[in-house]
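S.K.: In case you want the letters, here they are:
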Amino acid sequence: MELDTLWMVSILGAPLLAAVLLSLLRGRVVRAAGWIAGVAAALSLAGVLALLPSLQRGDVPTLSFEWIPAASIRLALHVDWLTLPFLLTEAAVTLVAVVYAWGYHHTDQRTPFFYALLMLFAVGMSGTTLADDMFLFYIFWELMLVASCALIAVWGEGERAGAVALKYFIFTHLGSLMVLVGLIVFYDATGSASFSLLREGVTLAPAIVGIVITLFIVGFSVKMAIFPLHLWLPDAHAVAPMPVTIMLAAAMLSMGTYGILRFPLSLFSRVQMAPFGVPMMVMGIVSEIYGALMALAEQDIKRVIAYSSVSQMGYILFGLGTLSYDGVAGATLHVVFHAIVKALLFMSVGLVIRATGRRRIAELGGLRGAMPVAALCTGVGALAIAGTPPFCIFNSEWMIFSGGFHTGQFGLAALTLFGSLLTVAYALWFVGRIFFGSRPAGLTVNRSPWTMVAPTVLLAALSLIGGLLPGPIFEWVSNGLSLILGGAW
Amino acid sequence: MTGNVWVALPLACLAGGAVGLYLFSRLITARNEFLALLTALVFAAGLWTVVPLLGMTRLALKTGEELPVWGHLGPGGAFLRADPGALVLASVALGLGMLVALYSGRYVALDHRRETYYPLLLLLVAGLVGVVLAADLFSLYMYCELMSAAVYVLVAFRRRTDTAVEAGFKYLVMGSLGTIIILMGISFVFRETGQLVLPQVTGSPESLDLGRSMNTVTGPWTRVGLACLLVGLSVKSGIVPVHTWLPDAHGRAPGTVSAMLSGVVVQSAFYAMLKVTLGLGFPARMLGTWLIVLSLLSMTLGNGLALVQTNGKRLLAYSTIAHTGYVMLGVGIGLRHGSSAAIQAGFFLILAHAAMKGLAFLCKGACHFYCGATEIVDLRGMAARLPMVTGAFAVALLGLAGVPPLAGFTAKWFILTRALRPRDLLVSIGVGAFLLNGLVSLGYYLPLVRTLSSQKADLKGDASPAATLIPTSRWMTFPLLVLAGMVVTMGVYPGPWLTWVADAGAYLLSVGR
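Taken in sequence, the protein lines are chains A and B. With the numbering used here, you'll find the first sequence wraps up at 1297, consecutive numbering, no jumps. With the numbering used here, you'll find the second sequence wraps up at 514, consecutive numbering, no jumps.
Heads up, some of the hints might be wrong.
Sample of chain A residues at the chain B side, in silico, Cβ under 8 angstroms [stated by the list, open to error]:
(1) 829
(2) 880
(3) 1018
Listing some non-contacts, in silico: residues in chain B with all C-beta distances to chain A over 12 angstroms [as the list claims (entries may be wrong)]:
(4) 21
(5) 31
(6) 163
(7) 165
(8) 294
(9) 415
(10) 482
Just so you know, these hints were derived from the structure itself, not from any lab. Note that the structure is predicted; figures quoted are calculated from it, not measured. Note that CB positions come from ideal geometry on N, CA and C, so glycine has one too.
Turn these sequences into a full structure, and let the hints guide you.
M.R.: Printed below as a string of structure tokens:
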């Protein structure tokens, strides 16, 4: 077996093995569970990074076995430039979330299962990006949903965890079904489930092209939580335990973007996609503004950040909708940068919640002195999400806005640009209310464990580094663009 | 009595086993574990006799020879024929029966009259194997009665519970009505044609030289007879609108019996219906159309009513109606458009459903056995008390809900991919309804999973004992693990199973030519 193949197997295999080990050993590994998961997540990330050199040589590491010959379905994995940003994001977020969970999660008898499900969630996400076969893609796509739903149902915070998990499942499953129909239409047209064959060109009947594109975009928009398909998100993010929220918000939302890039944008020509550009931009703007307004109105600090995801996904959809080089590159870049910043913000919020035991914004305030590190990190996160230079999101938003102006839709582009003012408003207001002002009576602050603080600081540093040196990531992302819309820009 | 003895061996095994087992329990010992083990052995022996038969059938189909038959051959005879679809169902029945027998090693340990339970289980499967293998209407009727009689008694087996006898009686009335209609249909057919043998299909489907006896004859009486047979066998297979006995019978029978009923009995009656109607010359295209229309009713009504159930087993029973609808959709599209791949997908769903529904009913039975849980609310907090059973239950339910990578998802994927091939309005409506139903069904499977995993052990508010782990008997855990393993394996590696049922589709199409 080649070294590349081995690394690729380890991306999926390490977390999978960890999940199996944890659920087999159960009570015997209660203390070590977090470490096992951490090692697996680190191996997975190492696998992604180890594939970089061969990608830069121009190879496409693949792995393919016969699986269900009767239906021409293969067990095929591959890594190309389109996969890489998402895979990297997912693996890194998993590692950070696991480390954060060491401090956040209360260890008890069920802890091994918690980490096992976390690992399965990671397998689902990395499998979704690695899959080179529709059947496999859908299996991983749903594994991601099942694992995260189980995490919310069992470890969710609050009375309504079960109901929220149910809503989350049914909502996102509806989106998955739309995607499934789209996939099956392609399967039907080619008689094969392989992406590689699809990319070589399929001709669908013109009558169904529009339907299929709509199904894909709407289906993936559910996962991206675009207004009005976002209804599952605030509840799910608010109820889920913080490590799961981090993975949901920073990594899983981006899977919707991956889906749009991988299916409609890769498989159809620019001419076929053109009628969908403006609707996508409009959906993006609506989502952006709605999410920001809701974030302004929200009282629960976790839900503020959750609505901020709705808003940020709006930027991404807008970027994709421009169908221009800058817009699509910016949207992909935004996925990576948003993951960093969103994880950072949720981690900071987690620090506040863990230290004070409070979640309502009205009951917080003046924490600047008691939690200087958290205050600094939240400040960095808020500035970053507001698109302030020199933090990373500035770069991707620049690209997205530039893409918007390229399309000639000046009105829409200007609207996004000014809509981002709302982001500034809620971000700064959020920091101000928690860390500045007077401290409410009876607000006590406990010490935070280093395993929670260290990843937060790391991400704050990353969001600065990403802003100052976006070169490498930008290069990887732009390599991926050659696979989209026929590659001619 | 001539022909290939292998065809008769499964039946002989089961019938002989039933008599022998009864004598054994009367004369030697009625210890439950012994009886369960012996019954499982008889089922295993039956399964072993089917294996060579599978090879012979495949060879016969390939070379275009006659399928293996046994009995009084000839135009006026009564005999069995091993066709590929029948063998699939017979193997499923024998396999599921074996697991159910093992499971009964603990499940019926506290019941009286065990000495009749096991022989009845064997007779039930014997009747079922006869129904699917029967090559003439007389044998079909006889075996159908054998199967039904065994089921009536088994449904009412726990006669001291308040509703079991009522459910058994309701089933008896409805079932007898079905049987009478079948008998009437047979007599009409006989009146016109003077014989009851279903046609033999020889040769590959491409170069078909049918030695068919009657399906060239489509006089008025045969038509009426066909209609009667269609309705009668629909009753037995629980197709909406003649499904009303099913939720009662499946909901009240002991868990093991429900598993057999939902897992294979209903499906084999469905297969018998296909075989008989196509064999008597009912046009395949029209039958397919009917099946698609009825499947819309079955799946919508099944899922809709499952949503409002408060009793766990009735919920599963309605889910069986819905799944019969899915199977009918696959088979119906296949018959309407001559696509053997769609029928193959329908048969794959039969396999998957047998494993999933069998597993679900057995898990529900275990919850009832250990914790007395009948209603859905009683299932709260099961995860803490019976973790292994709950895990298997969750696998079964998620499989039924069509969550990847379990068997239910793979089966639905195949039905969808194969159903989309022919494009016409009815098929599109069917596929749309299929997808919507898949979504609706989440509305009852997922809350059930959630109930199982919820923390609160008891809703009633009384001082409920702290959730303590209840050790589960190995007699129960083994079949549950095997079935859960099968649900997963069929999902992630469906290849061999798909190949196994491939012949069934082609055969049905050739019969219905």
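S.K.: Please flag the earlier hints that this structure goes against, numbers listed from lowest up.
M.R.: 1, 2, 3, 9
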